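With the hints as constraints, model all of the structure from the sequences given.
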Amino acid sequence: MNYSIRSRAKLTGWLFIAIAVLMICLFYFYPMIQALLLSFKTGAGANLHFNGISNYKRLFSDKTFITAVKNTFIYLIIQVPVMIILSMMISVLLNDSKLRFKGFFRTAIFLPCVTSLVAYSVVFKYLFGNDGLINMALIKIHLIGQPIAWISDPFWAKITIILAITWRWTGYNMIFFLSALQNIDSSIYEAARIDGASPIKQFFFITFPMLKPIVLFTSITSTIGTLQLFDEIMNITKGGPGNATLSISQYIYNLSFKYTPDFGYAATVSYSVVVMIIVLSVLQIKLAGDKK
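Residue 687 in the working numbering sits at position 86 of the sequence shown, with consecutive numbering throughout.
Fair warning: there could be bad hints in the mix.
Below, computed lysine to aspartate or glutamate pairings styled on DMTMM-like, alpha-carbon distance capped at 20 Å [stated by the list, open to error]: (1) Lys802 x Glu791; (2) Lys726 x Asp832; (3) Lys699 x Glu791; (4) Lys759 x Asp732; (5) Lys802 x Asp697; (6) Lys664 x Asp863; (7) Lys802 x Asp786; (8) Lys642 x Asp663; (9) Lys813 x Asp786.
Simulated restraints on C-beta separations [stated by the list, open to error]: (10) Asn652 x Pro748: 45 to 51 Å; (11) Tyr790 x Ile618: 39 to 45 Å; (12) Val622 x Ala792: 46 to 52 Å; (13) Met633 x Phe674: 20 to 26 Å; (14) Pro713 x Leu623: 33 to 39 Å.
Derived by calculation from the structure, the hints in this document are not laboratory data. No experiment lies behind these values; they were computed from the predicted model shown. Idealized CB from N, CA, C, for every residue including glycine.
What follows is the structure in C-alpha cells.
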C-alpha cells in the first residue's frame, strides 16, 4: 500500500514537470545537439555535407576570427573588472543608512539595463558622433581642441563600446551586490567600529570577503555576456572601422547572413565560444578558491 502511494506520488510529480522538461529538451538541448552536428558540416546554404574537423582546423588560420577573438578579449579584460568594481562601490554607497533618496538613486542606476538594446546603442552612436554632444561638451570646456573620432578611429571605437556596455550593465550587477550587502548583519560592523576599524578596513576585511560569492557570480555572468557581445557593436560601429571592433557574435552573424551563408562554419565559431566560456568559468572558480 505504501509502495503504491509512493509510486503514485512520483508519477504525479513527473506529470507536473513533464511539459517543462519536454520544452527544455525541444528548445534547448535539441538545437544544441543539432548545432554541434552542423559544426562538422560544410557547404553553401542548405547544401551541406560532413567534412570532419576541417571547420575546427580552419579556426586557427582564420584571421578574421582571430581578430574577433582579440577584440572580444580586450572588451572582457578591460570592461568586466571596471564594471564589477563600479558596481561594488556604488552598492556600498547606496547601502548607507544615512543616505537620502536611496530609492531614487537605485532606480536611476538600474534603469539603463531595462532600456532597449537597439535604442540605447543608437543614442550612443549619435552622442559619440563627430558632431555629437560628447565632442561638443569636451570642446566647450577646452579639454580637446578638435572632435575625437569616437566611431571611426580603431582605438576610440573600442573605448566607445566599453563605455556603452559599462553604462548599461553596471546597475544590473549593482543589484546583486546590494542584495548581498543587506544580508550582512549590522552587528559585525558595529563590533568592528568598537574595535577601532576604519571604514576602509571594514570594507576590505568584512564587506569584500562576504561579497566574494557575488563577485564570482557577477564575474562569470559578465564574462558570458561579453563573449556574446553583439547588439552594441552591430548598432554603434557595425564592427568597424575595418574589423577593429568586430566581436565573435557579430562574426557568427556575418558568416550566417551577411557573407555567403556558411552555417557549418558559423556553428563551429559558436561552439568555440562555448569552450571559451567553460574554460574561463572554471578558471574564475579556481582563482576564487570556491571548492563547492
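Comparing the hints with the structure gives:
no., hint, in the structure
1, Lys802 x Glu791, "13 Å, holds"
2, Lys726 x Asp832, "12 Å, holds"
3, Lys699 x Glu791, "15 Å, holds"
4, Lys759 x Asp732, "19 Å, holds"
5, Lys802 x Asp697, "16 Å, holds"
6, Lys664 x Asp863, "16 Å, holds"
7, Lys802 x Asp786, "17 Å, holds"
8, Lys642 x Asp663, "17 Å, holds"
9, Lys813 x Asp786, "16 Å, holds"
10, Asn652 x Pro748: 45 to 51 Å, "49 Å, holds"
11, Tyr790 x Ile618: 39 to 45 Å, "43 Å, holds"
12, Val622 x Ala792: 46 to 52 Å, "48 Å, holds"
13, Met633 x Phe674: 20 to 26 Å, "24 Å, holds"
14, Pro713 x Leu623: 33 to 39 Å, "37 Å, holds"
Checked against the numbered hints given earlier, this structure breaks none of them.
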